[in-house]
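Chemist: Here is what each chain is made of, one letter per residue.
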Amino acid sequence: AQSVTQLGSHVSVSEGALVLLRCNYSSSVPPYLFWYVQYPNQGLQLLLKYTSAATLVKGINGFEAEFKKSETSFHLTKPSAHMSDAAEYFCAVYNNNDMRFGAGTRLTVKP
Amino acid sequence: DTGVSQNPRHKITKRGQNVTFRCDPISEHNRLYWYRQTLGQGPEFLTYFQNEAQLEKSRLLSDRFSAERPKGSFSTLEIQRTEQGDSAMYLCASSRTTPNEQFFGPGTRLTVL
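Top line first, the protein sequences correspond to chains A and B. Numbering-wise (the working numbering), the first sequence opens with residue 401 and increments by one. Numbering-wise (the working numbering), the second sequence opens with residue 179 and increments by one.
Don't read these hints as lab results, they were simulated from the structure. Please read all numbers here as calculations on a predicted model, not as lab measurements. Some clues are possibly wrong.
[To be verified] Sample of chain A residues with no beta-carbon within 12 Å of chain B, all distances over it, derived:
hint, residue
1, 416
2, 417
3, 420
4, 422
5, 427
6, 428
7, 454
8, 456
9, 462
10, 464
11, 470
12, 473
13, 475
14, 480
15, 483
[Stated by the list, open to error] Computed beta-carbon distance windows for the label pairs:
hint, chain 1, residue 1, chain 2, residue 2, range
16, B, 187, A, 469, 32 to 42 Å
17, B, 291, A, 468, 40 to 50 Å
18, B, 256, A, 461, 32 to 42 Å
19, B, 261, A, 460, 35 to 45 Å
All C-beta atoms, glycine included, are put in the ideal place defined by N, C-alpha and C.
Isolated chain A, as found in the complex:
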C-alpha cells in the first residue's frame, strides 16, 4: 500500500528565511503527489501537484516542490517565509483512486 511520511511535525522559521518541509512517499507505481495547506478551521487548499511532467513543480504563494524518484521524496520549499505562511501542510500520494495523506507539518513563522 502507498504511504506518505512527513518528517517533522513542527517546523519554525523566521520571517524571510527559507522554508523546507519534507515529504517521502512509498508507492509501487509512479505516483501523483500533492501538497495541501490547511489554515485553522478550514478545509485543505491545493498548493501544487506532481503528475509525471516536470520534476520541479511550482505552486501558489511562491511554493515549489521537486520530485526525486531516487530519493522517493517530494519536499516543499519557499525561498522566503511570510507570516501568512503559518499553517498546517499536508503531503499526499494518489494512485488508483486511493489518496493517502501524511500526518502534516505545522509551520510557525516568527517575526
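Assemble chain B onto chain A, guided by the hints.
Modeler: Showing chain B alone in chain A's frame:
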C-alpha cells in the same frame, strides 16, 4: 466555480444521537470523497462516489456510518448512535475523473459529548 460547500460547519451532539452532514461538490465534478480528520493527523479516507455510485469504502467506515449521493450531485454522510470517538472534522472533496486533483470543502466539525 463556487467551490465545495459543507453544512453544517459545526455540530455538537450527545452520545447516541444520529447526525447527518451535507456536501455540495463543484457542479461539474463527478467524483465526491469523504474524509475524517482528527487533531494532529492528516485526513483519512472514508468513502468515494463516482456520480451516484459508491465505489469504495474504507474499513474506517463502520456500520454506523452511511453515505449517499442519490442524484450524483450533493452527498450526505450520516452517523448513527454517535460515540465520543466520532468527534472529528469531516471533510468532503470533489474532483473530475481526470485530472484527479481534489478540491476540499471547509469541513464539518463534530463534537460528541
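Chemist: Would you mind marking each hint as holding or not holding in the structure?
Modeler: Hints, verified against the model:
1. Even its closest Cβ contact with chain B, about 28 Å, leaves residue 416 (chain A) beyond 12 Å, as expected for a residue assigned away from the interface.
2. With 12 Å as the threshold on Cβ separation, the claim that residue 417 (chain A) sits away from chain B holds: the shortest Cβ distance comes to roughly 25 Å.
3. No beta-carbon of chain B comes within 12 Å of the beta-carbon of residue 420 (chain A); the shortest separation is about 19 Å.
4. No Cβ of chain B approaches the Cβ of residue 422 (chain A) within 12 Å, the least distance being about 15 Å, so the stated non-interface status holds.
5. At the 12 Å boundary, the C-beta of residue 427 (chain A) stays outside the reach of chain B, the nearest C-beta of that chain being 14 Å off.
6. With a cut of 12 Å on Cβ distances, residue 428 (chain A) stays outside the contact zone with chain B, its closest approach being about 18 Å.
7. With a closest Cβ-Cβ approach of about 15 Å to chain B, residue 454 (chain A) is found to remain outside the 12 Å limit, as its non-interface label requires.
8. Every beta carbon of chain B lies more than 12 Å from that of residue 456 (chain A), the smallest distance being close to 18 Å; the non-interface claim holds.
9. Once the 12 Å rule is applied to beta carbons, residue 462 (chain A) is consistent with being away from chain B; the minimum gap is 19 Å.
10. Against chain B, the non-interface label of residue 464 (chain A) holds: every CB pair exceeds 12 Å, the least being about 17 Å.
11. For residue 470 (chain A), the non-interface assignment is confirmed: its Cβ lies about 25 Å from the closest Cβ of chain B, beyond the 12 Å cut-off.
12. At roughly 17 Å from the closest C-beta of chain B, the C-beta of residue 473 (chain A) stays outside 12 Å, upholding its exclusion from the interface.
13. Non-interface call for residue 475 (chain A) relative to chain B: holds, since the shortest CB-CB distance, roughly 17 Å, exceeds 12 Å.
14. In this structure residue 480 (chain A) is separated from chain B by more than 12 Å, as the shortest Cβ-Cβ distance comes to about 26 Å.
15. For residue 483 (chain A), the shortest C-beta to C-beta distance to chain B comes to about 22 Å, beyond the 12 Å cut-off, and the non-interface label holds.
16. Between residue 187 (chain B) and residue 469 (chain A) the Cβ separation comes to about 40 Å, which falls inside the hinted range of 32 to 42 Å.
17. Distance hint check: the CB atoms of residue 291 (chain B) and residue 468 (chain A) are about 47 Å apart, consistent with the given range 40 to 50 Å.
18. Taking 32 to 42 Å as the suggested C-beta distance range, the pair residue 256 (chain B) and residue 461 (chain A) conforms, at roughly 37 Å.
19. For residue 261 (chain B) and residue 460 (chain A), the hinted distance range of 35 to 45 Å is satisfied, since their beta carbons lie about 38 Å from each other.
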